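Keeping the supplied structure of chain A fixed, place chain B upon it in accordance with the hints.
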Amino acid sequence: MPNTRFGNILEQLAQVLGPNHVHSASADTAAYRRATYASNAEVLAVVRPGNTAEVAAVARLCQQAAMPFYAFSTGRNWGYGSATPPRSGLAVDLGRMDRIRAFDDRLGHVRVEPGVTYARLHAFLQERGGAFWIDAAGSHPGCSVVGNALERGFGHTPYADHAAQACALEVVLPRGDVIETGLGAFGPAKARDVYAPGLGPALDGLFFQSGFGIVTAMTVWLMPAPERFRAFFFGLDRTVDLPRAVEALRPLRLHGLLRSAVHIGNAYRVLPSFTQFPWGRVAEREPLRGAPLDALQQQYGVLAWHGSGALYGTAAEVREGTRRVRRALAGVASRLIFVDDARLALARRMQPALARLGARRLARQIDVMSPAYGLLKGVPTDRFLSTVYWRKRAPAPPDPDPDRDGCGLIWCSVLSAFDGEQAGEVNRIATDRLLEAGYEPAVTTTLLSARCLEHVISISYDREVAGEDEAARSAFESLLEALVAAGYVPYRLPTLAQGFMQRASPAYRALLARLEQAVDPARLYAQGRYTVGGADDVPVAS
Amino acid sequence: MVIPKPETSLETPVITLAAPPLADDLHSELAAIVGRDHVRVDDSSREFHSRTTEPRSRRCAAVVYPGSAAEVAAILRLASRRGLHVWPFSRGGNWGYGTKNALAPGAVVMMLERMNRILEVNEELAYAVIEPGVTQQQLHEHLQRHHPGLIADCTDSTPLGSVLGNAIERGYGYTPYGDHFGHLCGLEVVTPGGELLRTGGAPDGCPTWHTHKWGTGPSLEGLFSQGNFGVVVKGGIWLHPRPDSLLLFTLDIDGGEQLAAAIDALRTLALAGTLKSHVHTVNGYQTLSLLQKYPQDLLARGARMPDDELAALRQRYGIPEWTAVGGVYGTRAEVRAAKATIARALRGKGTLAFFDAAKVAQAQKLVDLWRRSQGRGLTGAIAKAVKRLVTRKDFALVALLPEMYGVLLGRPTWSVLRSAYFKSPIEPPMEGLDPARDGCGLMWLAPAVPMSGAQAKTVLSLAEPLFKRFGLNMSACLTMMNERTLFFLLGIFFDPANGDERERAAQLHEALQARFAEHGYQQYRSGIPSWAAAEPSGDAGWKLLAALKQVIDPTSALAPGRYQIGQTRR
Numbered sequence: 017m018p019n020t021r022f023g024n025i026l027e028q029l030a031q032v033l034g035p036n037h038v039h040s041a042s043a044d045t046a047a048y049r050r051a052t053y054a055s056n057a058e059v060l061a062v063v064r065p066g067n068t069a070e071v072a073a074v075a076r077l078c079q080q081a082a083m084p085f086y087a088f089s090t091g092r093n094w095g096y097g098s099a100t101p102p103r104s105g106l107a108v109d110l111g112r113m114d115r116i117r118a119f120d121d122r123l124g125h126v127r128v129e130p131g132v133t134y135a136r137l138h139a140f141l142q143e144r145g146g147a148f149w150i151d152a153a154g155s156h157p158g159c160s161v162v163g164n165a166l167e168r169g170f171g172h173t174p175y176a177d178h179a180a181q182a183c184a185l186e187v188v189l190p191r192g193d194v195i196e197t198g199l200g201a202f203g204p205a206k207a208r209d210v211y212a213p214g215l216g217p218a219l220d221g222l223f224f225q226s227g228f229g230i231v232t233a234m235t236v237w238l239m240p241a242p243e244r245f246r247a248f249f250f251g252l253d254r255t256v257d258l259p260r261a262v263e264a265l266r267p268l269r270l271h272g273l274l275r276s277a278v279h280i281g282n283a284y285r286v287l288p289s290f291t292q293f294p295w296g297r298v299a300e301r302e303p304l305r306g307a308p309l310d311a312l313q314q315q316y317g318v319l320a321w322h323g324s325g326a327l328y329g330t331a332a333e334v335r336e337g338t339r340r341v342r343r344a345l346a347g348v349a350s351r352l353i354f355v356d357d358a359r360l361a362l363a364r365r366m367q368p369a370l371a372r373l374g375a376r377r378l379a380r381q382i383d384v385m386s387p388a389y390g391l392l393k394g395v396p397t398d399r400f401l402s403t404v405y406w407r408k409r410a411p412a413p414p415d416p417d418p419d420r421d422g423c424g425l426i427w428c429s430v431l432s433a434f435d436g437e438q439a440g441e442v443n444r445i446a447t448d449r450l451l452e453a454g455y456e457p458a459v460t461t462t463l464l465s466a467r468c469l470e471h472v473i474s475i476s477y478d479r480e481v482a483g484e485d486e487a488a489r490s491a492f493e494s495l496l497e498a499l500v501a502a503g504y505v506p507y508r509l510p511t512l513a514q515g516f517m518q519r520a521s522p523a524y525r526a527l528l529a530r531l532e533q534a535v536d537p538a539r540l541y542a543q544g545r546y547t548v549g550g551a552d553d554v555p556v557a558s
Numbered sequence: 002m003v004i005p006k007p008e009t010s011l012e013t014p015v016i017t018l019a020a021p022p023l024a025d026d027l028h029s030e031l032a033a034i035v036g037r038d039h040v041r042v043d044d045s046s047r048e049f050h051s052r053t054t055e056p057r058s059r060r061c062a063a064v065v066y067p068g069s070a071a072e073v074a075a076i077l078r079l080a081s082r083r084g085l086h087v088w089p090f091s092r093g094g095n096w097g098y099g100t101k102n103a104l105a106p107g108a109v110v111m112m113l114e115r116m117n118r119i120l121e122v123n124e125e126l127a128y129a130v131i132e133p134g135v136t137q138q139q140l141h142e143h144l145q146r147h148h149p150g151l152i153a154d155c156t157d158s159t160p161l162g163s164v165l166g167n168a169i170e171r172g173y174g175y176t177p178y179g180d181h182f183g184h185l186c187g188l189e190v191v192t193p194g195g196e197l198l199r200t201g202g203a204p205d206g207c208p209t210w211h212t213h214k215w216g217t218g219p220s221l222e223g224l225f226s227q228g229n230f231g232v233v234v235k236g237g238i239w240l241h242p243r244p245d246s247l248l249l250f251t252l253d254i255d256g257g258e259q260l261a262a263a264i265d266a267l268r269t270l271a272l273a274g275t276l277k278s279h280v281h282t283v284n285g286y287q288t289l290s291l292l293q294k295y296p297q298d299l300l301a302r303g304a305r306m307p308d309d310e311l312a313a314l315r316q317r318y319g320i321p322e323w324t325a326v327g328g329v330y331g332t333r334a335e336v337r338a339a340k341a342t343i344a345r346a347l348r349g350k351g352t353l354a355f356f357d358a359a360k361v362a363q364a365q366k367l368v369d370l371w372r373r374s375q376g377r378g379l380t381g382a383i384a385k386a387v388k389r390l391v392t393r394k395d396f397a398l399v400a401l402l403p404e405m406y407g408v409l410l411g412r413p414t415w416s417v418l419r420s421a422y423f424k425s426p427i428e429p430p431m432e433g434l435d436p437a438r439d440g441c442g443l444m445w446l447a448p449a450v451p452m453s454g455a456q457a458k459t460v461l462s463l464a465e466p467l468f469k470r471f472g473l474n475m476s477a478c479l480t481m482m483n484e485r486t487l488f489f490l491l492g493i494f495f496d497p498a499n500g501d502e503r504e505r506a507a508q509l510h511e512a513l514q515a516r517f518a519e520h521g522y523q524q525y526r527s528g529i530p531s532w533a534a535a536e537p538s539g540d541a542g543w544k545l546l547a548a549l550k551q552v553i554d555p556t557s558a559l560a561p562g563r564y565q566i567g568q569t570r571r
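From first to last, the protein sequence lines are chains A and B.
Sequential numbering of the first sequence, starting at 17, is according to my numbering.
Sequential numbering of the second sequence, starting at 2, is according to my numbering.
Among the hints, a few may not be true.
Claimed, not checked - To give an idea of the chain B side of the interface with chain A (calculated C-beta under 7 angstroms), a few residues:
1) Arg-171
2) Leu-198
3) Thr-212
4) Gly-228
5) Leu-272
6) Ala-338
7) Val-450
8) Pro-451
9) Gly-454
10) Gln-523
11) Gln-524
12) Pro-537
13) Ala-541
14) Leu-545
15) Val-552
16) Tyr-564
What the hints assert, rightly or not - Label-pair restraints from in silico Cβ distances:
17) B:Asp-44 with A:Arg-519: 50 to 60 angstroms
18) B:Ala-515 with A:Arg-115: 29 to 39 angstroms
19) A:Arg-115 with B:Gln-551: 27 to 37 angstroms
20) B:Ile-16 with A:Arg-519: 48 to 58 angstroms
21) A:Arg-122 with B:Leu-299: 36 to 46 angstroms
22) A:Arg-519 with B:Gly-84: 35 to 45 angstroms
23) A:Asp-356 with B:Gln-145: 41 to 51 angstroms
Said to hold, decoys possible - Stretch-level coverage of chain B by chain A, calculated; a stretch enters the list once three of its residues show a Cβ under 8 angstroms from a Cβ in chain A:
24) 118-130
25) 215-223
26) 274-287
27) 327-336
28) 508-522
Please keep in mind that the hints were generated in silico from the structure rather than gathered at the bench.
As the structure is a computational prediction, the values presented were derived from the model and not from experiment.
C-beta: ideal position from N, C-alpha, C; glycine also.
Chain A extracted, bound-state conformation (with noise of 0.2 angstroms):
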């Protein structure tokens, strides 16, 4: 990067954090410059600092230097930006700071940096004896578990919520001071750790999806390891027996009998966790559908849906929960079957038997519900990321990196109430939507709360085919556009559809402004990524 712009602000950075962690180079940057879609901003260069103090001086020199700039954790925000900047300027890697601060093992709850993965926390804790538990998102183990619950992503089980059991965060604001949030802000409290809110404003909120600081320290609130266990899964035979369901199991989320986050996928979800894309069988640049969808969903015995859940509780809670579970989905539901230790057990050690005896069908089956059982119990998973590679002429390699490998993937996230038509209509938008702009529309419809359901919808594609980048983009902003004219906002934001923020009434957008300029005057932190400030994009000195 030259230097001139921003004067010799490389050489203060090397200064405070130390040459090893200041890159400039343009093959140190490249991997900070790729995501699962075309990104246009420019990494100047990349920080590594290895503390908070680190971090506040990294803001400071920016401020000083007028130099834009942007932290992430892990940076695998796959299908949402992955570690690329929403404007062009100086990337802050938070993955050294990965030190797991406090575990108390009586209250359940851990205090984290941003470089703590799903992988790192979960086997510290079964290393201190699996009494709690972590929730994970299906995405990666390598994921941090600071930078999913600040983009507010969710997992499986009854703290799925994952911004709904975070507290006490240490932020670093754009100007370099520190604060903390909750209680933590008057010093060492004794309860900054369990209770979220604090004395005052609640500012929680505000660093979450948010350009309004870089978070480095949080509290996580983990589950205790419940007495019993038992997950569920089941089958939608028709497309248009998902508005049953859900209202079928919405009386039981609202009085407290199923606490999990349910999860329902439809075929075009389940089906890449078997497969990819039949090349071949279906015409180039056409999307799977019709018969040759039916023969792939008969080939490996996928319905129109599938879903999954647990049951957590006492022995007798569980008993309960199974059975208002099999009443209310009675008639809505087929294939309903509940899994605990034990049955998993034993369908594994049947399983070579079953693929010798030629119910090679059901032994696949039980290959891909192992991690899905794994999720939740809050056991990560990697199995889910080959999914990506859907679009692929190649399978994922054992090392799976969509960045890297030109992965092709957005997800259009967005929220309706729990609502049984208006999951249908999410479900058909998106349908007609990605089938007319020829991509296989995957819908994942999760039960997060007693109100509300995400819909997460993903568009895969082969990065490496000409033109799909800006196809692909192009049938995202149709969909998304579709779906906020029908009243299903985003629960989550890719870097592509900042423009969202600008959509919010005059005089929400102006009080966004007044706090964006009262804790960032000159703009510089996270640009375009939930903010309403500085529409444009920074100028670069090439």
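Just chain B, lined up with the frame of chain A:
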């Protein structure tokens, strides 16, 4: 709508910081916004609306009653232009934390009680959309009548308290939805600049405004609670489905060791998800204050109730040192299972009793009968029947049982607020209690504490000696706020007519605040006595809030100094 006439009972005997009425031209401008009838500047109105339960009162310059969000906005714009300080209150029942006083005298008190519409109840998704003037009683009755499948959590304070006001201050109740702020979703707010906005940033008609807390992008709801960044004029509040089955349980606890063990057991039950209600554990003094008056001879001398006298009174009523009260909610099978689990977990940690709907109905019948038969010689027989059918406790305690069972189902009660009159010369009415109107002396102070028995013992050992030193008795309640947090609610009941006791109460509050802060226990909520007593911290977090206040409310029109935001350091 009738604005209460300032005629009743006791003029507040506390020390008043005076202020002149609002200037005529400003009065006219306010009247032009809300109408003449909805502004008061006369001395008796100002006196009435400045009454507090705390030792100091700040006289306001005017009281204004806007009837709509547009009027709230116009009032704030006027305030910005003319340098007024506007302090909003929903219904003003924030007793013990400053009541409806502004931090400094001479402010315009803005009462939102005319905005009292229940705008929507969504049965499927179980939420209501309400205005700040909607009371607990109003919402309860509305649900009873029109949506009997839903209940709204309530506090055990006044049925005429504001649902939104309490939630904004992060108050709490008893049911699984007892975390009131946690169950707010989708707010309409007037900013200090007079703009109306909706949290979440979603467009009009968005079906998730009241079902998804975070919206898209940063979530601003927290900014509008316990602060001065906007006036909430409408909000969604989640409602609990009426449970198939409900058990009330009480645990009588003796002494500190048993208390610690009980708290640890309750935490385990809550973490496992078996216990979903917010269990309240009150000390004997607090329970006593619900049943009778503070002994007259002690009151006259301003004397602390000696420990042996308290013990004797407890014995008379059958009040244990601590009583935990909670609910078990669910289907019949769930409740049966949970009952067994709870009984197992609490074995040896006190005397446990469960009361189901049938038992409570029986108690209610006997209580009614007893009330009707007063003086007809049947009371002895009824009391005996109660002992046989319900519990062996004193009848006064039995009378509370149906009330508490009602609270667990969202039915507000007057019976707990009676404790505010413990040291008052006034006999509290059965309904319509108003401790500020009636000159009661009361302050609250509630640190947040990690939920463990050891921690509970620690905070008790910090508080008790201070109460003793200042010659007052400790009223205490340990409330399970979430699976990991206790709120240690301390009540300071004092006789405001006794100048010496009043000053001791003020000093005790200050001493408790300082001691808890020193030991790392921060209050979950605070009020004028706290803000006036301590310097703002001056740290980075306080500076951030000051900077936010500066950009959102550059003229300090809205409640300057509330939670010390925008307060200058001395």
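Verification of the supplied hints:
1. Arg-171: Hint on Arg-171 of chain B: holds, closest Cβ of chain A at ~6 angstroms, below 7 angstroms.
2. Leu-198: holds, 4 angstroms
3. Thr-212: holds, 4 angstroms
4. Gly-228: holds, 4 angstroms
5. Leu-272: holds, 5 angstroms
6. Ala-338: holds, 3 angstroms
7. Val-450: With a closest approach of 6 angstroms, the Val-450 of chain B hint holds.
8. Pro-451: holds, 5 angstroms
9. Gly-454: violated, 10 angstroms
10. Gln-523: With a minimum Cβ separation of about 5 angstroms from chain A (threshold 7 angstroms), the hint on Gln-523 of chain B holds.
11. Gln-524: This interface hint holds because 6 angstroms falls under the 7 angstroms limit.
12. Pro-537: Not OK, violated: Pro-537 of chain B not within 7 angstroms of chain A, min 10 angstroms.
13. Ala-541: Because about 4 angstroms separates Ala-541 of chain B from the closest Cβ in chain A, which is inside the 7 angstroms limit, the hint holds.
14. Leu-545: holds, 6 angstroms
15. Val-552: Since chain A brings a Cβ to about 4 angstroms from Val-552 of chain B, closer than 7 angstroms, the hint holds.
16. Tyr-564: holds, 4 angstroms
17. B:Asp-44 with A:Arg-519: 50 to 60 angstroms: With a Cβ separation near 51 angstroms, Asp-44 of chain B and Arg-519 of chain A satisfy 50 to 60 angstroms, so the hint holds.
18. B:Ala-515 with A:Arg-115: 29 to 39 angstroms: holds, 34 angstroms
19. A:Arg-115 with B:Gln-551: 27 to 37 angstroms: holds, 35 angstroms
20. B:Ile-16 with A:Arg-519: 48 to 58 angstroms: holds, 53 angstroms
21. A:Arg-122 with B:Leu-299: 36 to 46 angstroms: holds, 41 angstroms
22. A:Arg-519 with B:Gly-84: 35 to 45 angstroms: holds, 36 angstroms
23. A:Asp-356 with B:Gln-145: 41 to 51 angstroms: holds, 42 angstroms
24. 118-130: Holds: 4 residues of the stretch 118-130 of chain B have a Cβ under 8 angstroms from chain A.
25. 215-223: Coverage by chain A holds here, the residue count being 9 at a Cβ distance below 8 angstroms.
26. 274-287: holds (count 3)
27. 327-336: Our answer is that it holds, as 5 residues pass the Cβ test (under 8 angstroms) against chain A, meeting three.
28. 508-522: Since three or more residues must qualify, the claim that chain A covers the stretch 508-522 of chain B holds, with 4 doing so at under 8 angstroms.
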